[in-house]
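Reading the sequence shown from the start, the letters are residues -21 to -1, 1 to 393 in mature numbering (1 follows the signal peptide of the UniProt record, and there is no 0).
Treat each hint with caution, since some may be false.
[Said to hold, decoys possible] Mimicking DSSO-like on lysine-lysine, the simulated pairs with C-alpha atoms at most 30 Å apart in a straight line are:
id, residue 1, residue 2
1, Lys346, Lys271
2, Lys143, Lys375
3, Lys185, Lys261
4, Lys312, Lys346
5, Lys262, Lys146
6, Lys135, Lys325
7, Lys198, Lys143
8, Lys346, Lys52
The set of hints was computed from the structure by calculation and includes no laboratory data.
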Amino acid sequence: MKKKILLLVLVVSGHALFAQSNTNTPYSLFGLGVENKTATGGLTGLGNTGIAQANPFEINLFNPASLSSILPKSFLYEFGLNGTYSTLQTNSVSESSSNGNISHLAIAFPIKQGWGMSIGLLPYTKTGYNIDVENAIEGSADTYITRITGEGGLNKFYLSTGFKVIKNLSFGVDVSFLFGSINQESIVYTGSLVSISDQNHYGGVKLKTGLQYKLPSIKGFENTIGATLESPSSLGGSQTRTSYKTSSSGTSISIEEDVENDLENFELPFSYGVGLTSVINKKITTSLDYRKLLWSDTAQPQNNESYADQSIYAFGVEYVSTSKKYNYWSNIKYRAGFNYNTGFLKISNQQIDSYFISFGVGLPMKKYSNDNFNISYSYGREGTLDSNLIQENFHKITLNLNFVGQWFNKKKID
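I would like the entire structure built from these sequences, with the hints used as guidance.
This is the structure we're talking about:
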């Protein structure tokens, strides 16, 4: 069944019955799925801020210019895990599910003083839905069900570098390679069963640049401003389709088998971001970020959805007592944050927005070490119940472990 017909039934008539897969949300049906909102280190507890953050002991995916702060001979490596419990609901039904994933793997190291590099792999988008759509048979009171299932998503492998241009000014470049597949199967039963299975493959390259500038200190205040630009990019696509028909007697007939088709390119928008981070008396750190993604300038293949410009507002605050005398409890970092995302998907004249609040702590792993165990909790909401749409409320736990080792540290021999 055409996706356009599915959207007409799901969005306008509101007769859809859904069951979320263990991966995501019905909104991942659209485009390339939903973007993976990954933040490294303690930034998950800070509302996913980071454009102006430059911590020499943590990897920052938001601005490649931050890599200039990595200390000589240090080697950073990090991986993250997350688990989500969510409830999907319409005006008439609701259902809960849970899932867990590896969020990212990344390393970073210095090239020389004031110049660092990072390499990493993480999910870029995620797709997971299992939707039953009730369809009316024209001229009859009977109905039939179309089941649409989807899974997969795109991954991102990135190479980033950042270096000091002059004192207090850093510049960075991030090159990301996007690749992966989204698999969708449609099953219709009207006397006989028809199954259509599509494997949609996408791939392309994204380029991001970033700046950070550390302002002169003023009476215990250390301020850093940051900015990022992401150029528009086009992801090429191809499709492999297999379909068959099964009669009521159980006989299967192949309709199409591994038929290759070209897909229209998926366009990613130009975007920019700005941020401000302030450190107050080396105890309190505040971060404020804003990002704008110009989706309305992209030419996307559309059904019943449209694309609108997207704005993301984020704020975070961190406190650490930094006692001069070592005490484990005084070196714990306490964090809180807020993030509001207008979204870019518009369905039935409703823009699918989201928000979350987050709380987190950074726990030192051992005495006199910069290794940290970062844990955060987030509560949020995505979507709306208006216009017979779907709303998701979620609880999310994120665990990020970052380790600081030595890079080419030669041992002295007496």
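Exercise for the section: Could you tell me which of the numbered hints above are not met by this structure, giving the numbers in increasing order? Expected result: 1, 2, 3
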